[in-house]
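Asker: In case you want the letters, here they are:
2 protein chains.
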Amino acid sequence: MKALTIEKVGSPVRLTEVDMPVKREGHSIVKLKASALNHRDVWITKGMYPGIKEGAILGSDGVGVLDGRNVILNPGLRWGENEAVQADDFEVLGMPVDGTFAEYISIPNEYIYDQPEHLSIEQAAALPLAGLTAYRVLMSRCQTKSTDKVLVTGTGGGVALFAVQFAVALGCDVYVTSRSEEKIAKAVALGAKGGYNYKDETWYKEVETNFDVIIDSAGGASFQHLIKICKPGARIGFYGATLGKYQNLNPQLLFWRQISILGSTMGSDQDFRNMLAFVDNHKIKPIVDSVFSLEEGSRAFERMEAGTQFGKIVLKH
Amino acid sequence: MKALTIEKVGSPVRLTEVDMPVKREGHSIVKLKASALNHRDVWITKGMYPGIKEGAILGSDGVGVLDGRNVILNPGLRWGENEAVQADDFEVLGMPVDGTFAEYISIPNEYIYDQPEHLSIEQAAALPLAGLTAYRVLMSRCQTKSTDKVLVTGTGGGVALFAVQFAVALGCDVYVTSRSEEKIAKAVALGAKGGYNYKDETWYKEVETNFDVIIDSAGGASFQHLIKICKPGARIGFYGATLGKYQNLNPQLLFWRQISILGSTMGSDQDFRNMLAFVDNHKIKPIVDSVFSLEEGSRAFERMEAGTQFGKIVLKH
Numbered sequence: 001m002k003a004l005t006i007e008k009v010g011s012p013v014r015l016t017e018v019d020m021p022v023k024r025e026g027h028s029i030v031k032l033k034a035s036a037l038n039h040r041d042v043w044i045t046k047g048m049y050p051g052i053k054e055g056a057i058l059g060s061d062g063v064g065v066l067d068g069r070n071v072i073l074n075p076g077l078r079w080g081e082n083e084a085v086q087a088d089d090f091e092v093l094g095m096p097v098d099g100t101f102a103e104y105i106s107i108p109n110e111y112i113y114d115q116p117e118h119l120s121i122e123q124a125a126a127l128p129l130a131g132l133t134a135y136r137v138l139m140s141r142c143q144t145k146s147t148d149k150v151l152v153t154g155t156g157g158g159v160a161l162f163a164v165q166f167a168v169a170l171g172c173d174v175y176v177t178s179r180s181e182e183k184i185a186k187a188v189a190l191g192a193k194g195g196y197n198y199k200d201e202t203w204y205k206e207v208e209t210n211f212d213v214i215i216d217s218a219g220g221a222s223f224q225h226l227i228k229i230c231k232p233g234a235r236i237g238f239y240g241a242t243l244g245k246y247q248n249l250n251p252q253l254l255f256w257r258q259i260s261i262l263g264s265t266m267g268s269d270q271d272f273r274n275m276l277a278f279v280d281n282h283k284i285k286p287i288v289d290s291v292f293s294l295e296e297g298s299r300a301f302e303r304m305e306a307g308t309q310f311g312k313i314v315l316k317h
Numbered sequence: 001m002k003a004l005t006i007e008k009v010g011s012p013v014r015l016t017e018v019d020m021p022v023k024r025e026g027h028s029i030v031k032l033k034a035s036a037l038n039h040r041d042v043w044i045t046k047g048m049y050p051g052i053k054e055g056a057i058l059g060s061d062g063v064g065v066l067d068g069r070n071v072i073l074n075p076g077l078r079w080g081e082n083e084a085v086q087a088d089d090f091e092v093l094g095m096p097v098d099g100t101f102a103e104y105i106s107i108p109n110e111y112i113y114d115q116p117e118h119l120s121i122e123q124a125a126a127l128p129l130a131g132l133t134a135y136r137v138l139m140s141r142c143q144t145k146s147t148d149k150v151l152v153t154g155t156g157g158g159v160a161l162f163a164v165q166f167a168v169a170l171g172c173d174v175y176v177t178s179r180s181e182e183k184i185a186k187a188v189a190l191g192a193k194g195g196y197n198y199k200d201e202t203w204y205k206e207v208e209t210n211f212d213v214i215i216d217s218a219g220g221a222s223f224q225h226l227i228k229i230c231k232p233g234a235r236i237g238f239y240g241a242t243l244g245k246y247q248n249l250n251p252q253l254l255f256w257r258q259i260s261i262l263g264s265t266m267g268s269d270q271d272f273r274n275m276l277a278f279v280d281n282h283k284i285k286p287i288v289d290s291v292f293s294l295e296e297g298s299r300a301f302e303r304m305e306a307g308t309q310f311g312k313i314v315l316k317h
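Protein chains in written order, with the numbering used here: chain V, 1 to 317; chain L, 1 to 317.
To be clear, the hints were calculated from the coordinates, so they are not data collected in a lab.
Check each hint, because a few of them may be wrong.
[As the list claims (entries may be wrong)] Derived list of chain V stretches under chain L, where covered just means 3 residues or more per stretch with a C-beta under 8 angstroms from a C-beta of chain L:
hint : stretch
1    : 75-86
2    : 236-247
3    : 255-267
For every residue, glycine included, the Cβ atom is placed at its ideal position computed from N, Cα and C.
Can you build the whole structure from these sequences, using the hints too?
Answerer: Following this line, the structure appears as structure tokens:
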């Protein structure tokens, strides 16, 4: 079968002919119809990930068909029993274990779910990893309620957009940040109330101090300003930090105002089930930025690297 | 009546003759038998607190007698309905509202509780503010369970010692940090399993990465090391930051390991009730460092400033 593999760290992904997966006890072979890219996939090709196994099939997001059922895969393997944190042997689908950028995958049955019926194949492929990550940080970690005012930084990325969509569906007043006016406008079209352009580095000075929940993946030196626009009792959830370490955080602003800073990554099996049910209940449709074929895989990776996408980059198999 | 008041910012507290408090609707006049110092009192005399009202009676911790009952006062006034955070008009007893370093106090009835019977007057006076703060950060914010391994930094201070005692009573394995071997030994005598001397600035390098809960009030540049000795899923609760801003926090260590950094201050009425019940159930006895008379008030303040105390500095009226 055909698959996108990491041939060598530092080289683009390559479409190769690989052996069909072998069916193992407790696994099923799913015929994959579509998949989607995550930053993780790009980082792996660049060697920015621990334990890279050359020759592995990449891809964490996958939807396909099994015995005539449309199915969607939970990419979080072996979370374990503790809802608070993944087990030591937790793993994300796609390197080292073979992933979804292929015609078929062998996967343990417990990670196979019915695909929400209101979604196209492309929309469904966009959902798993980013939807799971957004759901956990927004709902399980920050315990966001309908009355909360929510800020999602860096709108445009997969997780950030799901956080916007989920919070809007909950009934929250949602705001975004971006350095692109176009992305802010698109977020508003999805139901956000407005946005702040952080090209102006003092953007936060214009913002009222009244966010109950902030979802961030930028971190870095500007994280300190998020604390200033929090309401007392606020929760700041974060699932990444592309700008690096936090600096100059003022503890007085945090402890006197009972603020929580909550690290989050991926999600438990329960989070995945809850996320699917939430998407189904609210008929949320993931935003697809663009669709490529498996053969165009390296172009899809280039688009991800460019960082101009709005929504998920999907591969149709 | 006699009272310790702040005559002028920058001057020591002074024992003065003031008017008896007037009984107001919904208030009672409690005859105070003992009180205790908190850092807050010292900071107020130094002008390191907002809204200082000269002439006010200081003191947040108080026990006394009302209609023959031994009573203990909740120093957290007007917390409000939201357990997550205090209301905007929340206030701590003792400046601007007249506090407990006096012969009598007029206080709303809802802040008056029966004193736990197993406590001496001095022990009971040591409990309110520090016990409440420790209870909230350890229990309500960090949700500490008996199976958690707990580190309390800077043992010796009132809140830190209550955090040690409460966690020991819960059944946790508790460790402390201090720059005094004597204080570490005293914490071990209270049931801690051991301690680390942070005079050695690389103390954290010798520590296993396995704390479920860390209670901190130092903050500063060394806060970053606390993250490194956390177990995945850990909660770091903090109620102060004597060493200032957090620097160089590594977000990857936080989000991948689902760590929570939880600011906390004082506690709700519910926290106070739960704290009293917990102290009563476990027959916890607050640690009294020293006892002064009201007349010796300025000496008590000097001892607090010196920072060598182990436990609470009590005033017996």
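Asker: Please go over all the hints and tell whether each is borne out by the structure.
Answerer: The hints, checked one at a time:
A stretch counts as covered by a chain when three or more of its residues have a beta carbon under 8 angstroms from one of that chain; for the stretch 75-86 of chain V and chain L the count is 4, and the coverage holds. Note: the stretch 236-247 of chain V has 8 residues with beta-carbon separation from chain L under 8 angstroms; the three-residue rule is met and the coverage holds. For a cut-off of 8 angstroms, the count of residues in the stretch 255-267 of chain V with a CB near a CB of chain L stands at 11, and the three-residue condition holds.
When each numbered hint is compared with the structure, no violation occurs for any of them.
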